[in-house]
Amino acid sequence: MTSALGKDLLDLESLSPEQIRLILDTAEPFKEISERAIKKVPALRGSTIVNLFFENSTRTRISFEFAEKRLSADTVNVSSSGSSVSKGETLVDTARNLEAMRIDMVVIRHGASGAAAFLAERIESNVINAGDGTHEHPTQGLLDILTLRDKLGDLSGRRVCICGDVLHSRVARSNIWGLKHVGAEVAVCGPRSLLPNAIEELGVTVFERIEEAIEWADALNILRLQFERMTGGYIPSSREYNRVFGVTRERLEKAPRDILILHPGPMNRGVEIDSDVADGPHSVILHQVTNGVAIRMAVLYLLAGGKPELAEAAKGTTR
Amino acid sequence: MPARPILLKGGRVLDPSRNVDEIADVLVADGRIVSSAGNAGRVDDAEEIDCKGSIISPGFIDVHCHLREPGREDVETIATGARAAAAGGFTAVCAMPNTDPVTDNQAAVGFIIRQAQRADAARVHVIGAISVGQKGERLAEFGEMVAAGAVAMSDDGKPVVSAQLMRTALEYARSFSIPVIDHCEEPTLAHGGSMNEGIVSARLGLKGIPSEAEEIMVIRDILLARRTGGHVHLAHMSTHGSVELIRWGKERGINVTAEVCPHHISLTEDRIGSYDTNAKMNPPLRTAKDVESLREAVKDGTIDMIATDHAPHHYDEKEREFADAPNGIVGLETALAVSVTNLVATGHIDFRTLIDKMSCAPARLFGLPGGSLAKGVAADITVFDPGASWRVEPADFQSKGRNTPYAGMTLTGRAIATIVGGRVVYSFGQSTANARASRA
Numbered sequence: 142m143t144s145a146l147g148k149d150l151l152d153l154e155s156l157s158p159e160q161i162r163l164i165l166d167t168a169e170p171f172k173e174i175s176e177r178a179i180k181k182v183p184a185l186r187g188s189t190i191v192n193l194f195f196e197n198s199t200r201t202r203i204s205f206e207f208a209e210k211r212l213s214a215d216t217v218n219v220s221s222s223g224s225s226v227s228k229g230e231t232l233v234d235t236a237r238n239l240e241a242m243r244i245d246m247v248v249i250r251h252g253a254s255g256a257a258a259f260l261a262e263r264i265e266s267n268v269i270n271a272g273d274g275t276h277e278h279p280t281q282g283l284l285d286i287l288t289l290r291d292k293l294g295d296l297s298g299r300r301v302c303i304c305g306d307v308l309h310s311r312v313a314r315s316n317i318w319g320l321k322h323v324g325a326e327v328a329v330c331g332p333r334s335l336l337p338n339a340i341e342e343l344g345v346t347v348f349e350r351i352e353e354a355i356e357w358a359d360a361l362n363i364l365r366l367q368f369e370r371m372t373g374g375y376i377p378s379s380r381e382y383n384r385v386f387g388v389t390r391e392r393l394e395k396a397p398r399d400i401l402i403l404h405p406g407p408m409n410r411g412v413e414i415d416s417d418v419a420d421g422p423h424s425v426i427l428h429q430v431t432n433g434v435a436i437r438m439a440v441l442y443l444l445a446g447g448k449p450e451l452a453e454a455a456k457g458t459t460r
Numbered sequence: 013m014p015a016r017p018i019l020l021k022g023g024r025v026l027d028p029s030r031n032v033d034e035i036a037d038v039l040v041a042d043g044r045i046v047s048s049a050g051n052a053g054r055v056d057d058a059e060e061i062d063c064k065g066s067i068i069s070p071g072f073i074d075v076h077c078h079l080r081e082p083g084r085e086d087v088e089t090i091a092t093g094a095r096a097a098a099a100g101g102f103t104a105v106c107a108m109p110n111t112d113p114v115t116d117n118q119a120a121v122g123f124i125i126r127q128a129q130r131a132d133a134a135r136v137h138v139i140g141a142i143s144v145g146q147k148g149e150r151l152a153e154f155g156e157m158v159a160a161g162a163v164a165m166s167d168d169g170k171p172v173v174s175a176q177l178m179r180t181a182l183e184y185a186r187s188f189s190i191p192v193i194d195h196c197e198e199p200t201l202a203h204g205g206s207m208n209e210g211i212v213s214a215r216l217g218l219k220g221i222p223s224e225a226e227e228i229m230v231i232r233d234i235l236l237a238r239r240t241g242g243h244v245h246l247a248h249m250s251t252h253g254s255v256e257l258i259r260w261g262k263e264r265g266i267n268v269t270a271e272v273c274p275h276h277i278s279l280t281e282d283r284i285g286s287y288d289t290n291a292k293m294n295p296p297l298r299t300a301k302d303v304e305s306l307r308e309a310v311k312d313g314t315i316d317m318i319a320t321d322h323a324p325h326h327y328d329e330k331e332r333e334f335a336d337a338p339n340g341i342v343g344l345e346t347a348l349a350v351s352v353t354n355l356v357a358t359g360h361i362d363f364r365t366l367i368d369k370m371s372c373a374p375a376r377l378f379g380l381p382g383g384s385l386a387k388g389v390a391a392d393i394t395v396f397d398p399g400a401s402w403r404v405e406p407a408d409f410q411s412k413g414r415n416t417p418y419a420g421m422t423l424t425g426r427a428i429a430t431i432v433g434g435r436v437v438y439s440f441g442q443s444t445a446n447a448r449a450s451r452a
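Taken in sequence, the protein lines are chains A and B. Numbering-wise, this note's numbering comes out as the position in the first sequence, counting from 1, plus 141. Numbering-wise, this note's numbering comes out as the position in the second sequence, counting from 1, plus 12.
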């Protein structure tokens, strides 16, 4: 079924600014649904959606599950660990089996970059990338942008710095593409061993020191130091990381303006972000989580062919 | 029953080894070239092949291919590989030893030679392993393998990690006058990488292999060749930096030779697109700057030969997440066309130089028979149409492998007839007739 987003949502790199704006605008009415006592609308009633998670994830999976159920879809969770090679059934076979069961949509999280595109090319169902390797995590990027828009309004010319392990971060890549598409200025800050060598070629400024990033930015999106992705000493220790790059209250106090603090979670308190920052007045971290459900509802709704104008009406009935 | 004489009529006889480039007939009888100049007139009982518009060249020799037998006969056998070679215009190939079991002893060498004889298509020369089991620990028995017919040694598939082992291999190989071929890849830098490190790997979220992983081993091998006086041959060169280092080595008279694969002078990392595993190989596709540098290096002689690194894989193995898919693409049946389209048609080299890279130089530098159309030599001849335009259809390959990044592309240049030891082992006209018959 053709939608304004095409068949799948695989990445933010290939979306147009108009498509991004459409998703953000469609999320607005869905925010309200989550505030009600009966959090349900029938927009996707009868649709079958599979959450295919090859990597551990509580937060993202639950967020998608709530989004699906609040739209009245039927959902099934399939979790599998390890790559298709080690686990027996190949990704191709998994894809074909799902298609044979006439699933409408698949939400996939997988440890290999390109896995979502791999699946999307082989099945007719809509495919939503919930994170593929170190490539992209488009719904996370979108909810980050929605949160920034909620607080800052029009994001053209606004300055957002992504801090931390950009090299291994799909959240960073989605943020870079999404923010650039909506006209924001994007920077990264972290040790050079955790930044891709070609990062400047993506149109991104590099700050060698967190103090410089804080001086410059309207918002910091602080990435988790990903221990499980580091396949060999990129930095000597988390202690040193916090000493040099940690976002601490002392450093934040020197900011020339009120900086928003974002974090995709889960946080390593005391490593990339100190608790008094995470729980402090500048933090919009929990707001991100709330927006996450609305964004995912919007994406599912649009891919299913839902018309944006009807999103407003869809929130009407509460059966 | 001996083969009939063959008369190749009116082709452009282009033999760089004797500085010949003229329209002439070539007469082949009893496995040898009887004449390769002038008009042969009428010859009784000869099979005549009209070569008007075609080039008649010394047979192409591929010094680097993987025939998978023994061990992986499901993806290629010596027979299917030798036929694929013939279909690509190759009269001889050198088979790499990363088979299962590894070709590291005289019995294994003998097996491959016998299988090739049975296949009766392109000749297959055997490359033996440098180390036992290609484990990189102990030297394999070069002497016995050479006596059994091996023409070179390599641990390809893998780099020779130990500089000490590489040094010893170069010295020991000198005693048998054979080259040592190295797959240049520094393992700690390359570890976990599945494509070139650069802007594309940053975008796709794939771990990259930096050019330095190749260049560090290139300079190491050149220096060891200088120290030992041995002949080091650098396999599948892929970077601008490697080219500069090879130039440095050759300027100093060091015995280093180098090959490039057609894919590295025609495709960049952009060909990977949306994670296409048919564009995944090791060393990986790199940047436009590397491609141009390699083309110039072919032109100025820094790169001595074109080799295919033909590496068939099963469809299921390639039909996987990018990082998990095995490295390698087939190349025997597209090498000529890719080279013509990306080196000759672009103006970098002429056909004489192309033939030198694909035939004369491999023969000369590896001490192999062939590379010449002189009177009296064994008749290993490639007849090709330099202007034929055709679309690459993997389903039509002789190889069992279908893993090519050129599927659906239109290329220029195609083998018309391949003659080995005076027998036609491939004929384009016959092969299309067969294909039509099998589809009818």
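It should be emphasised that the hints constitute simulated quantities derived from the structure, not laboratory data. In this text, a Cβ means the ideal position worked out from N, Cα and C, and glycines have one as well. Hints are supplied without guarantee of correctness; some may be wrong.
Claimed, not checked - Restraint-style ranges between C-beta atoms, simulated for each label pair: (1) B:PRO338 to A:ALA241: 24 to 32 Å; (2) A:ASN338 to B:GLU256: 13 to 21 Å; (3) A:PRO422 to B:ALA419: 28 to 36 Å; (4) A:GLU381 to B:GLU256: 51 to 59 Å; (5) B:ALA445 to A:GLY147: 44 to 52 Å; (6) B:GLY122 to A:MET242: 23 to 31 Å; (7) A:ALA241 to B:GLY43: 31 to 39 Å; (8) A:ASN197 to B:ARG264: 38 to 46 Å; (9) B:LEU151 to A:LYS148: 55 to 63 Å; (10) A:ARG237 to B:LEU151: 18 to 26 Å.
Stated by the list, open to error - Here are some chain B residues the structure puts well away from chain A; computed CB gaps all over 10 Å: (11) ASP42; (12) VAL55; (13) ASP56; (14) GLU59; (15) ASP112; (16) ALA214; (17) ARG215; (18) GLY217; (19) PRO222; (20) ARG332; (21) THR358.
Hints, verified against the model:
1. At roughly 28 Å, the beta carbons of B:PRO338 and A:ALA241 sit within the given window of 24 to 32 Å.
2. The hinted range of 13 to 21 Å is satisfied by A:ASN338 and B:GLU256, whose Cβ atoms lie roughly 20 Å apart.
3. Restraint check, A:PRO422 to B:ALA419: a C-beta distance of roughly 58 Å breaks the suggested window 28 to 36 Å.
4. About 37 Å separates the C-beta atoms of A:GLU381 and B:GLU256, a value inconsistent with the hinted range of 51 to 59 Å.
5. For B:ALA445 paired with A:GLY147, a C-beta distance near 45 Å keeps the hint of 44 to 52 Å intact.
6. Hint check: B:GLY122 to A:MET242, Cβ distance near 54 Å, so the stated range 23 to 31 Å is violated.
7. Between A:ALA241 and B:GLY43 the Cβ separation comes to about 58 Å, which falls outside the hinted range of 31 to 39 Å.
8. In this structure the supplied range 38 to 46 Å is violated for A:ASN197 paired with B:ARG264, their Cβ-Cβ distance being about 56 Å.
9. Judged by the Cβ atoms, the range 55 to 63 Å given for B:LEU151 and A:LYS148 holds: they are separated by roughly 57 Å.
10. A:ARG237 and B:LEU151 have their C-beta atoms about 49 Å apart, which leaves the hinted 18 to 26 Å range violated.
11. Every CB of chain A lies more than 10 Å from the CB of B:ASP42, the least distance being 53 Å, so the non-interface label holds.
12. For B:VAL55, the condition that its CB be more than 10 Å from all CB atoms of chain A holds, with the nearest at approximately 56 Å.
13. Its beta-carbon lying about 59 Å from the closest one in chain A, B:ASP56 satisfies the requirement of being farther than 10 Å from that chain.
14. The beta carbon of B:GLU59 is kept farther than 10 Å from every beta carbon of chain A, the shortest such distance being approximately 48 Å.
15. The non-interface label for B:ASP112 is consistent with chain A: the shortest C-beta to C-beta separation is roughly 18 Å, beyond 10 Å.
16. At the 10 Å boundary, the C-beta of B:ALA214 falls inside the reach of chain A, the nearest C-beta of that chain being 4 Å off.
17. With a least CB separation of 7 Å from chain A, B:ARG215 falls inside the 10 Å interface cut-off, contrary to its annotation.
18. The non-interface label for B:GLY217 is inconsistent with chain A: the shortest C-beta to C-beta separation is roughly 3 Å, within 10 Å.
19. Taking the minimum C-beta to C-beta distance to chain A, about 8 Å, the non-interface status of B:PRO222 is violated against the 10 Å cut.
20. Once the 10 Å rule is applied to beta carbons, B:ARG332 is inconsistent with being away from chain A; the minimum gap is 7 Å.
21. For B:THR358, the non-interface assignment is confirmed: its Cβ lies about 27 Å from the closest Cβ of chain A, beyond the 10 Å cut-off.
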